[in-house]
Each structure stands twice: as structure tokens, then as C-alpha cells.
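> Fit chain E to the supplied structure of chain C, relying on the hints for placement.
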Amino acid sequence: MEISNGHPDALTMLEITKSYPGVEALRKVSFSVKESEIHSLVGENGAGKSTLMRIAAGEVQPDEGQIHFKGKKVVIRQPSDSQRLGVGFIHQELNLIPELSIVENIFLGHLIVNDFGILDWGLMKKRAHELFDQLGVEISPSARVSSLGMAQRQLVEIAKALSLEATFLIMDEPTSALSIEEINRLFVIIQRLRNAGVAVVFITHHLKEIFDIADRVSVLRDGVLVGVRDVAELKESELVQMMIGHSLNRPEIHTVQKEKVTVLNVDDLNANSKLKHITFSLYSQEILGIAGLMGSGRTELLRAIFGIDQIESGSIKMNGRKIHIRSPKDAIRLGIGLAPEDRKNQGLVSMLSLTVNITFPFVQRFLSILGIDFKEEKKTVEYLVKELSIKTPSLSQTVDNLSGGNKQKVVLAKWLGCHTQVYLLDEPTQGIDVGAKEMIFEIVEKLAAAGSSIIVISSDIEELTRVSDRIIVLYKGGIYGEFQRKDFNVENIMLCAMGKQQ
Amino acid sequence: MRESSERAVVVLFEKYSSVGILIVISAIAGLVSPLFLTEKNLLNVFRATSMLGITSVGMTLVILTGGIDLSVGSVIAISGTFAAFLWKSYNNTALIFVVPLAAGAIIGLLNCLLITELRLPPFIATLASLSAVRGIALVITSGQTIYVDYPESFMLLSQGYLLGLPIAALLFIFITIAASLILRFRPIGRFIYAIGGNEVGSFFSGIDVRKVKAFVYIACALLASFSGLILTARMGICDPGQAGLGFELDAIAAVLIGGTSINGGKGSLVGSFVGAMIIGILNNMFNLLNVAPEIQYVSKGVVIILAVWVQSINLTAILRKKGGKSTSPGQLTTRREVAER
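Residue numbers (this note's numbering), protein chains in the order written: chain C, 80 to 581; chain E, 91 to 431.
Keeping only pairs whose Cα atoms sit at most 20 Å apart, straight-line, the calculated EDC-like set for lysine to aspartate or glutamate is: (1) E/301 - C/409; (2) C/353 - C/379; (3) C/408 - E/298; (4) C/396 - C/409; (5) C/287 - C/312; (6) C/287 - C/315; (7) C/401 - C/346; (8) E/356 - C/479; (9) C/408 - E/207.
If you are wondering where the hints come from, they were derived from the structure by calculation, not from laboratory data.
Here the structure is a predicted model, which means the values were calculated and not measured.
Bound-form chain C, shown alone (with noise of 0.2 Å):
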């Protein structure tokens, strides 16, 4: 099956065995990356991508097994040892530092220094020029980080990566905080590396990457690998089939014909000094898709809406009155929930229990004379669990130990819990994996269902044209375009959310 691209490998990992206490991350896993190839390393979380990536770096030393590089067996026991061979690893939360400049973080582990012994920042400067003249793209060494976005961000650490001449990159899920257009604009850069003999591996979730980027793809699945195969005679079936076991029965989520009930009514809203007369309605059982760039004010039409940014001027109905939010406190009491991009640090107190982070907005109706009954409470959240199919080993299982999908599915049972009207989710389905992503919409369709009403953000819009029942874009603030179902069309949905009109 495997076709040569003609080149060495780059790096070989032989039967790579590693056991943390109680579960074995990785078993006897074989893995080569060749040299100017693009390798896309998949499998639902908990796989042991990351781990393998990290043993090929040298921040986890593995229990057996051996590392040839470049034809030759190494030993790995540090990240340095790893960086002096040519390894670049882009973990995928950057390990920059805001407070400096790009350039200073650009040379930070090797500055260079002329010969007084005085830092050259004339000659780092000038390296940097080169660095970004090389990826193609314009950017003020001299700049700080802290001004930069994300995928500027992600370009000066692959910049980093090449300073210190690495012939071998790693990257851990690099598009998850771009946009399309940055994503595309990385590949390009990708494709460049890789022209110019470099070797990639990248770790991503979202299928369609590996189709648009990768040469060959490796699948792990429960510290095993299932299979390794060339990107252009796979298709996509087989691969979800390869990562999750099973071959994915993806119903087409159908929507019955619903009633028009009006339930939100947003009406000329401006906010944040980001949203410009935002005017939409919201109805019962309806799930309204938003698309948009990053930046077009997604994230802060919801945020609004559950009253964590003051609203300037407009107003909000529900129900046909008009509401004053100002807290989240407020939106929840009127049946409005949130469920935020950032789980970890907004959706949830990860060092809690499950349980305690459920009940948050109504633990009151628990009380009783002599506190909180714990029965009760334990009763309710043995239902949520239940009815949203939460895999946990325990009720009182900390937050933090719960899988990305089953973290998500604790911000949905809050609100649940809460008999919410209105559900407002960000990005529900960020670095969630595919088994857990088809969860997590049916459960999406089962609350419009049963009568709530959704609005859900994603940047994925094939993504957004299964599960909505209509889509509204957003450009720089303002409502650009509205779609009904049966005008869904991704190309059409994608331009008309970079300002083209249609």
C-alpha cells in the first residue's frame, strides 16, 4: 500500500512501548516520517499521539523501543538532545513569552553575542528577517508577542523551530485556534518546509486538514497503531473507520418542520464596540448556526446576549418581553446558558467534581434545613449523566480528568439541569474528537427537540450546515448574510463570512 516519495526516512520510532501507572500509552508502536513529507498523526484523544511526539522530543522518556534519526539509532533523554538532531516540537499551547520581542523570543535558548561578549541584536534581528523571509511572510522582528494573534504567534515559533535549524517539525494541533484563511495561509507555509526537504508531523482533529495537507497518515488508536496509509488513495470513510473502530453511521440530522414561536428577539443590538446593529430573531426549537472568521464578533454576540459585556444600546426580547441581562446570573434565571469556547477556564471550575460543577446554578433547589441534601442533588445528576451519556468513573470524579467530549457534556448537563430555554455554544465541538463531536450534535438535536431553542458557532461550516436549521453570518461586527436550510451551500456560507457578497 505504501508508495515511496522516494526520500530517507527522517526518523524511525521502533516498537515504542510506554506504560504510565495503570494504562499503556503506547504498545510496540512503529512510526517513520520521511524526509520532505507531510505526516499527519491522528486518533481520537487519549490515543497517544502526544505521548509518542513527546518521547520523539525527549520530554518523555519511553520503556522500550528504539529511535533511529537520520539512519542512525540516538538516544533522546532530553528536549535539548532533541533539538541538537533538529527536532522542532510546536506544542499547542506556544511557548512564547507575551512580555517579550519576537525576536527576543525567536533566540531566547541560543542567544547570539558578538565578540565582546555583548548580545548582537543587530545580527539576531537580521537572522529573524531571513527566518521570515523564508516562511514568506512579513513580520516586525522587533515587534512583542503580546501584539501578535495566534497564528502570527504560531508562525514565530516555527521560526524558532528553523533558527535553531530544524530539519524536523512537529506540530500538535496548529490550526485549532485559526481562522480558515490562517489555516490555509499555514499550509502554504507547510508545503514550502516541506518542498525545501523538511520533514512535518502534524497532529490535528479535523479530517479535512489531512486530505488538504498531509502525504501520508499514521492511525493510533488505544496505544496502538492501526495502520499507516497515502493520503490520496484514502478515503474518508476509511479513515474515521480506522481512528474510531467502527464505521460511523452519520445520519443526515434531519429537522422536522417546526413551528415559528418566536423566543429571542435581538433587536438593533450594539456592543463591546465590536457589534454593530445586530437585529436577529431565535425560534422555539430552532438551532441557528453562526459562522464568521474569528474576530467578526461571534464569541461576542453571545457573550452579550448572556451578560458578561454591557450592552451600548438595542434591546433583547424574550418570550415577547424585553429582558435586562447584566450578569450571567441574570441570563441564567431567565433560561439562557452559555457553553464557551474556553471550557477549561470559563465553562467549568476543573479542580471540582462533576457533580458540584452541574448543580453551580441550582444547588439552591437542594437545600433543605440543614443544607444542601446531597441525595437529592446526587439523584438529579445521576439522571443528567444518564440522559446526556457522561462516561465518568464516578460522580465525584474531578472535572480535569474527564475527556475533552465528556467535559463538554458537563457544560450541557449544567444547563440541562437548569431547564434552560435558550443555549448559546461556542465552538461546541473544539478539540473534541469525531466519536464524541457526533455526541455531542446529537445531543444538540435532541434539546431542540424537546423544545429549546440553539444557537451554535462553529468554524467548521460543513460542520454548521448539518446541525442548523438556518445560518447567519457574521462580518466585522454586523450581520452580513443569512442562509436557510435549503440554501446551504459551504462555499457560499464560507465567502459570503470573508465579506464577499454573494
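This is chain E only, laid out in the frame that chain C set:
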């Protein structure tokens, strides 16, 4: 079976290592001074520690939310000052209970407003009130120490006994239990932990963060002013320049020795109770042995380091290394997530 017993050991260690330290220090105290383990002395320690203990209860609540209250020492001073000043001027028993406590509550509210409305970091807000509040106390007495003859009912606070125990000690126990029950059984208890764990996440979950903060800062200052009453009753004087000086540091130390995280979200009042007792016993031991105050300070520093260090030991990892790779299913997911990160 081995696994569950291993887990039990870990839980015991995590929860009660401060109790172990308390026992060790008591044993040492008993060995070096024959006077230590007498009933009279132990009751005395208990009574002397009650002020620190009561203050630490409030401090624990504040630290659990991820905050800090540096003003408690000054609140102790101003509370005693009001009591002494009012008794001298009006001879009214009700007044000397009510006014100092009300003053404490108001200071707590002001601290909270500085933090929630002006958005000052708790450290800065309460550092300012540490200075300002003691200044006001000094202004009230023109910097003089007030000598007072308190009424008998007020003196009960420091000298009274009930059921063979000092009333101050009983109050300490009672307040600790009451606050523990609030933490465990009332929604606000949960919200206190939640805010310390993740303030933004708590706000997004509909928790009224301001209200919870108001509760903890008012409770903290109120309990400190109550300690101030016990102190002035005990001394029969009020010296606004010296009363409660540096007390905030002892209270914070007691909370930390008790295992509460300085970052908030984790900890218990039982821990702080034990932490306060450890400091109390140390003080008592050194007094019995006539150790110079300088040495007392040094050893207190050492104990803080020891206690917090012992609690940071990851016993799970150590047991694993020795005993192989057994885990309970509960930890399995943990490890798996770690592996994925």
C-alpha cells in the same frame, strides 16, 4: 485489596499530615518540658491559641477564594480600641460588644469593595487597610495605651470556663465547626471553593462572585474583631500600636500549615484548626523553656517550611515506585489524560 489500602494511606496522608506534625510537636514539647502535658498548661495553650484560631477561620475562607486578608492584625487592634475607649467613656456593656464587631464588619465590607469594585488585588487592598485601620485606632486613643476595668461579663471572654473548658477555646471550636458546616452544606461554601478554583468559570456558571467575596471578607474581619475582643479582655488594656501586630502572618501561617492552598480552591478548616494549634503549642513550648523570641521566629519559619513541604510530597508516586504499577480505576483516567497531554 492492596490497592484500596494504598489509596487509603494516600488519602490519610494528604488529609491529615498536619495532624501528624501536631502529634510530633506535642510529643517533643512533652519530652523537653515536664510542664507541657499538665492539664492546666494544655487548657492554657488552648485558650491562648483561640484568638489565632478564630482569626484563622476567617483567613481560611478568604484564602479558599484565592484571596488574602492582611488587615486582620489591625482589625484586632481597632476592635480592642473601640471596646476599651467605649467602656471608659460610657460604661455600657452592650456597646463594647456591638460596636467593635460592627466596626470589623464594616472594614470587611470596605476591603471587599476595594477588591470587587475598584478591582484592586486583595493583597494591595488589604495591605492598605492594614495600615489605615491601625492608624485610625491610634488616632482614637491619641497613640496612648488605654487601661480599663472591663465588666465581668466581658471578662468571661478571656477568663470564663464552661464544662471545664475555657470559654475562649469553646468559642474557637464552635466557630470552626459552624464554619465547616457552612462550607460543606451551604451553597456558599461550594461557591467559595469554586471561586478559588476558577473565578471566571464560576462567574460564567452564574455564581454571584461579588456576594461570595463580600461574605468571606466580612466574615474574616468580623472574626478578627472578635479575636480583638478576647485579646483586650485578656490584657485588660488596649495598646493600639501593639495589639495584633503581625498577627496576619501567624493567621496565614496557620492556614498554610493546615494544608490550604495559597492559590485557593483547596483546603479545610480542620486543617487550619490544627495549624493554629501547632503554632500555639510551639509558642507555649518556647515560653516554658524560656527560649528567646528570636529563636521562636526562626523555628516558626522552619515549621512552616516543613509542614508545607511534607504536604507537597506526592505519596502516590512514592508508593508506586516501591510497590509496582497498581492503580485503582479512579486513577486510570487520570493517568491516561496525563499521558495524552
